[in-house]
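Since each chain comes alone in its own frame, lean on the hints to assemble the complex.
For the protein sequence lines, the chains are E and A, in the order given.
Counting from 1, one number per residue, gives the positions in the first sequence under this note's numbering.
Counting from 125, one number per residue, gives the positions in the second sequence under this note's numbering.
For the record, the hints were derived by calculation from the structure and aren't laboratory data.
Any given hint might turn out to be false.
Stated by the list, open to error - List time: in silico DSSO-like cross-link candidates among lysine-lysine, alpha-carbon distance up to 27 Å:
{"id": "1", "chain 1": "A", "residue 1": "167", "chain 2": "A", "residue 2": "233"}
{"id": "2", "chain 1": "A", "residue 1": "697", "chain 2": "E", "residue 2": "120"}
{"id": "3", "chain 1": "E", "residue 1": "92", "chain 2": "A", "residue 2": "646"}
{"id": "4", "chain 1": "E", "residue 1": "61", "chain 2": "A", "residue 2": "648"}
{"id": "5", "chain 1": "E", "residue 1": "92", "chain 2": "A", "residue 2": "648"}
{"id": "6", "chain 1": "A", "residue 1": "847", "chain 2": "A", "residue 2": "795"}
{"id": "7", "chain 1": "A", "residue 1": "697", "chain 2": "E", "residue 2": "12"}
{"id": "8", "chain 1": "A", "residue 1": "879", "chain 2": "A", "residue 2": "595"}
{"id": "9", "chain 1": "A", "residue 1": "387", "chain 2": "A", "residue 2": "596"}
{"id": "10", "chain 1": "E", "residue 1": "103", "chain 2": "A", "residue 2": "293"}
{"id": "11", "chain 1": "E", "residue 1": "92", "chain 2": "E", "residue 2": "60"}
{"id": "12", "chain 1": "E", "residue 1": "92", "chain 2": "A", "residue 2": "881"}
{"id": "13", "chain 1": "E", "residue 1": "92", "chain 2": "A", "residue 2": "722"}
{"id": "14", "chain 1": "A", "residue 1": "697", "chain 2": "E", "residue 2": "92"}
{"id": "15", "chain 1": "A", "residue 1": "387", "chain 2": "A", "residue 2": "175"}
{"id": "16", "chain 1": "E", "residue 1": "103", "chain 2": "A", "residue 2": "697"}
Said to hold, decoys possible - Here are some chain A residues the structure puts well away from chain E; computed CB gaps all over 10 Å:
{"id": "17", "residue": "247"}
{"id": "18", "residue": "594"}
{"id": "19", "residue": "665"}
{"id": "20", "residue": "790"}
All C-beta atoms, glycine included, are put in the ideal place defined by N, C-alpha and C.
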Amino acid sequence: MTKTILVVEDEKSLSFAIEDSLVRNNFKVLKANSEEGATKILNTGQKIDAVWLDHYLLGKKTGLDFMRFLRQDEKWKNLPVFVVTNSVGDDKISSYNVMGIEKYFVKSDSTLSDIIDSIKDSIS
Amino acid sequence: MIKIKKFRTRLSIPIFLSIVFFGLIATYIGALYVYNNLIDNQKKDLEVHLKITARQVGSTLQRIVNINNAISSEGDVISYFQSSHFVRQNINKDITEKINNYFTNFDIKSLSLIDLNGDEIFSTDSQTSNQNHSDKNYFKSALADKYCPESLIDQDDNKLYYYFAVPVKENSSIIGILLTKINPEYLHSYLKLENLEAGSRTIFADKNGVALYSSDDKDNYSYLGDVKLTESEKLLVDNQYNQQVKQHLTYDVLQDYIQSRSKDVKIFDYSSKLDDRSSEILAITNVGDCLFYVIYEINKDTFVFGAIRVALVLAGCIVTCAVLALVIILVLLDRSVKPLKTLEEAARKIGSGNFNVGIDIKTDDEFKRLAEVIVKMEADLKDIYANLEQKVKEKTADLAKFQMAVSSTSEHIVITDNNGVIIFANKAVSKTTGFSNKEVIGKKAGSKDLWGGQMPPDFYKKLWDTVCKHKKPFVGVINNKKKNGVPYVAAAIISPILDENNEVIYIVATERDITKEAEVDKAKTEFVSLASHQLRTPLSAINWYTEMILNGDAGKITSDQRKYLDEIYKGNKRMVDLVNSLLNVSRLDLGTFEIDPKPTVIHEVCADVFEEMEHTIEEKKQKLIINCPGDALKISVDPKLMRIIIQNLVSNAVKYTPEGGTITVGLKYNKKDEKNTYVITVSDSGYGIPKNQQSNIFEKLFRADNVRAMDAEGTGLGLYIIKAILDEAGGKISFKSTENKGTTFTVVLPKDGMKQKTGTKKIS
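Just chain A, same shape as in the assembly (with noise of 0.2 Å):
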């Protein structure tokens, strides 16, 4: 449940914050396009606005002209000016009546006429009459027959009036001037735009930019912007205002634009430099010839506000909007996930281990195939279950059997890692070293804290290479101590676990306790070598009386007491050699001893064996051949036994051949026949053995019937120890023999040698 409002908190918030997101994104864009638009249009607007305003205040500039025109032609004016100052006199009256009834539409200040010299010779206004006007621009216009209204403020009354003269003519000479001095109030009426927005006006300036009228009238006779005049030229416009003109406002490029004379309507987009007012448009056109100019000033904030307005309405809209998806969302989702919880809730049953949910989904959509397959999976998850079930027992009861047998055997086996930390001890562990299970696991096998750790260090590392180096079993016998502090004496094998890319993975050692038997075999070893002691003393007695009778001693002897005595001596020695094998016989039946091959040249064993049976071989007067390779032959071999080996077969080939016979000592090295590549051979011309004895020939005890009717000396026991020291350490003997021809033995070695076999007793 926790999972499935998660997920629909999950689907449905990312959902409203990105409608609410890009909704806000496009209520900015669209904002700014309305404000853009609205900006457009004000433009629009107000260029049609400024030019319909200038051809209204053009064409009044222009009918005031005309009047003037009309006036200025009328017989009467021309003839006043003709008149003489009496006359004058007499038709003032009547002219004053023809021009206010030119006049009755404009709210005129006064009309006068000028002579040639500038005097003014009438005037409606009687106040102002008997003025000088030679020095006025618009005089000097008119003069030129040039038309030029002017602005001016009258001296008089200190009000701003708009002057338009004309020139009076008769037969095309100018004769005099006409003046009209207007309102300024008939003129300005044009400009009053009706439903402009707060902070936005009218200005009307004349040719040097001086403001004339504001529809906020403060900034009355103010240049618009940074005036490039000349101080002559700003003194005349300041003579013109009557010393009226102020500081120029911010408008430079309005200013720019008079200054340049441009006919056209212009645009701008102004934000002030100086105060706080946020931005404008400003539009300018000219009236009447560049004589003056019509401005509207707009302030933008107008159409922000209108942007803003339209963004929160959008904004508004937008919210809604995603609330309202969120809301449909929601009631969707929740419909949709109602076949998920009846997934999820069959799903956790058959995670619990139950294959009998059945899932009820009636719609037939995804939910419904999904639905499908999980009952699919359903049913094989319940096969592959019991099938599974079935073999872990199998496999189980297996690995009971093993671990049991490994648990209970009296062999002592521990299971280590590749370092040596034992991981797994068996109950002999505890009964052999009474080292608890929880003592043992977890620590490093073979050390001091353990049974270990009693012999050299030497030993440890010989036995730590062959296992983990050389991943060969290590057998060996090692003293060790139990936790009480008594030692005893173990037989060990030690082996390596490899895995598939023959890594040492695990280490198995098998210990077996065999410090009785270690006492019992030295008990033995004791008992045979004091026996052979005692055994040999009335032996050597028997010899060395003998001896010393023979050397005459106790008096000078018979032949045939020597003959007998000879006798007495060579059973004497029988004896002697038949007590030294019986005990190597006794040693080799126990199957204790000792095997402990070491390299060892082969040509010295030989050697040493060949001069100690020198002087016999002397004595039969034999010989001795030996093949031998150059090389000194080093082979692998526990150098008493080899010197057993090769002692016997010489000794025999020397007993059982006759005087004057031969004796071949042959050494050979087969480097490609790994199982004989050592063989040594021993052949001579001698008795040789009947072959229907040949089978028993290396039995113990066994001597052949023709050399025991020659009464030759020997044992019987030679061939026996012979072939029980190669049986145990891997070697072969065979032979060939004719009768009264000769035997040739042949023991064969393989590459490595002899094999290692650990035991309490040597031979000697």
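Pulled out of the complex, with its shape left as it was, chain E reads as follows (with noise of 0.2 Å):
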């Protein structure tokens, strides 16, 4: 059956890579560029596998925040969520891994197929 990555990813090229790829794995996806969007999509109710998530986002908000809403959420508390960004302060990944993440990627150190073996190691 189809998996379906919810991608938050503000970098439209990048956007467009990873859907690229992701949809030559199989997988169905859905986009947002900010925690708006994010949550939006989120409440249309449409079922949600994993979640490909950056940190700086369009608007103000950034993926923490989108982090906090889904897990204050019974229905997204157990979300896998893998982080892949190119923001690697320490702080930053330490409060994600707090929150429950799958794994966090630095994009410029990792190759788009690392990171969609790890996605389709975790939820197959």
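Here it is as structure tokens:
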């Protein structure tokens, strides 16, 4: 069965590459470029199997705000989240880890296939 | 002046009082001595008088007996007994005449002749004739040829008489008795002593202790003391004195003496138990072979008064002497104290700082010597003061400099006692905190009342332990709050000041308000963080699209295309490394990165790095040798920085060693070498560093020519970062390298590991 991934990424060029690769790997992709957009998609009630989340997003809110939103809602509490970002601060990494994420990837140090393999391992 | 007066009083009053006190004691002893002496003398006098009186009375008694004997041997008397009644009538007148001749000197009451039946055959006293004497003691004694005068009260006239009876003999056989009755006044006249003191008296007593005569009459016919006679004996005595014997007196000692028939002169100290009469002296002796007793009774009061008189005179003399002595002492003291006053005045002037005081004392005694000493002292003091003033001035000037420096420096400085209570705060304190000096002094540093209390309690405990327990300076960044409530950040150094016993006496805290710097740092950090994010984003795009093309996502590519895309991919990877390293360098260059050492197992750090490098090492078919001691080494280091050091060294070795080469990592622990306790070596069998470029190897962005020519990847920042970290952390890095043979890098850390360093930035 096709798994649905919600990709929250503000950078258009990267967003394309992610979508292409995920679709090629038989995932269904829903895209948002801001926290508000992401919550909107969640609230439509579509089935989502995992979230691909960047830290800096369009608008004032960040990926951390979205995490908080997810973790306080019983429906999304256990939704697997893969943080893929270029922000490498220790504080940020530990903040995400505290809220329970599957894995933290630094974009520039990771290949798309590594990340997609990791997602596949987690949710299959 | 007041002090001198006190001194005079202090000296004179005790002397006066001592003279009076000891004088009075001497007076008392003297009076007692006089009293005892008077008594002793009186006793001796009494003894003499008593002996004389007894002798006189005794000889008078003897004389009466002698006269009686002479009369009894007169022929007329003898023949009177032998004559018939008729003849006697005729010779009565002759005998009376003869007898009267004998008794011219005696007050005789009567003379009687008594026949052997006791009948009176003749008497000069016509009233007593025809009396029978046979039952009388004197008659019985005379009949037995014994001399025994007796005192009796005559029943006729109820008067006391002394009866002297002697036998009349014819050819040694007793033919009758001659009896004379003597008036007592004659005998008693010997007993009247002249100059007797009041309360004193003479007593004449018989052999039973009955007083016959007392100079004050009232005790006549009384027993002297408790009498020890039988009832019949008492009855006889009663008859003897015509029933006039009274109760006994209290002189038991005398009664005992009489009863014992002692012949010595005896003197008693007597005090009556019955009445209040004061104590007395009693003297007693016998007369006429224990027939009678003479007694003197002297009242001791006389001697007490005598002693008191002596005492009063003595006391008067002593008090007079004491007053005179007091006057003399005061005069002498006044004279002696005069130089003392001069000295006092001089000393006072010297004391108030006048060192030009002359002392004029002319007496050649201790005072003069004292004056000389004071003058010398004055000169010495003058010198000392002069020097002292100079020294104090210099020290004060020194102190003032430091005070000024501490007071006016822009650094906030607080000094506390060893309990943390503030005893000094400089001007900068009120500038940074808003609290005035007055509000600060006496309060506890770090309390919420002041600018402190904004950190967790553990922080303050650690601070206090470091300074007071471990006696080491505490360095740290503290969040504080100004008086107006505005928070600020301070970089603080808090150091203990120790005394010679290594005990904390003061604590000095220096703080610098780094709020602005912290804000700037924060802004910079934010910028760097954002910049790194922004820089990485396009690199990530290149990365991922290249990856997708290489994966054939956009269709099949030719081998040439693959080759070129591989170059793009590698170049992009180097670019990412460069960005990461440059960001770290920018933090290192700011010098504000943080070193936060904690006990770290080095093996674990190494293992983590090897795991990360595993893939590359395998790809290059290199051999990794690890030489570590069996025990896991726990070193106090910042684990992130340690990882950067090891990661850079190992990745360099991998990068600059050709395929199939060997990389060796070693860990060593030198227990004895405090400076080089931990040694970490990373060796490779790689290209090495050209000799002429070895000195530049730690420079920023420097890359040796041989590796640049080989086009091996690298940023030229790794070793620069390692050295910058170790320089701050107290470690060292060195290397040995031979071109085309290999290189060995050696990192050493001291026993205590990395030095702590506070800062606002972390290196990733």
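The hints, checked one at a time:
no. : hint           : in the structure
1   : 167/A to 233/A : violated (37 Å)
2   : 697/A to 120/E : holds (25 Å)
3   : 92/E to 646/A  : holds (15 Å)
4   : 61/E to 648/A  : holds (21 Å)
5   : 92/E to 648/A  : holds (17 Å)
6   : 847/A to 795/A : holds (24 Å)
7   : 697/A to 12/E  : holds (21 Å)
8   : 879/A to 595/A : holds (17 Å)
9   : 387/A to 596/A : violated (113 Å)
10  : 103/E to 293/A : violated (178 Å)
11  : 92/E to 60/E   : holds (16 Å)
12  : 92/E to 881/A  : holds (22 Å)
13  : 92/E to 722/A  : holds (22 Å)
14  : 697/A to 92/E  : holds (23 Å)
15  : 387/A to 175/A : holds (11 Å)
16  : 103/E to 697/A : holds (22 Å)
17  : 247            : holds (166 Å)
18  : 594            : holds (29 Å)
19  : 665            : violated (5 Å)
20  : 790            : holds (29 Å)
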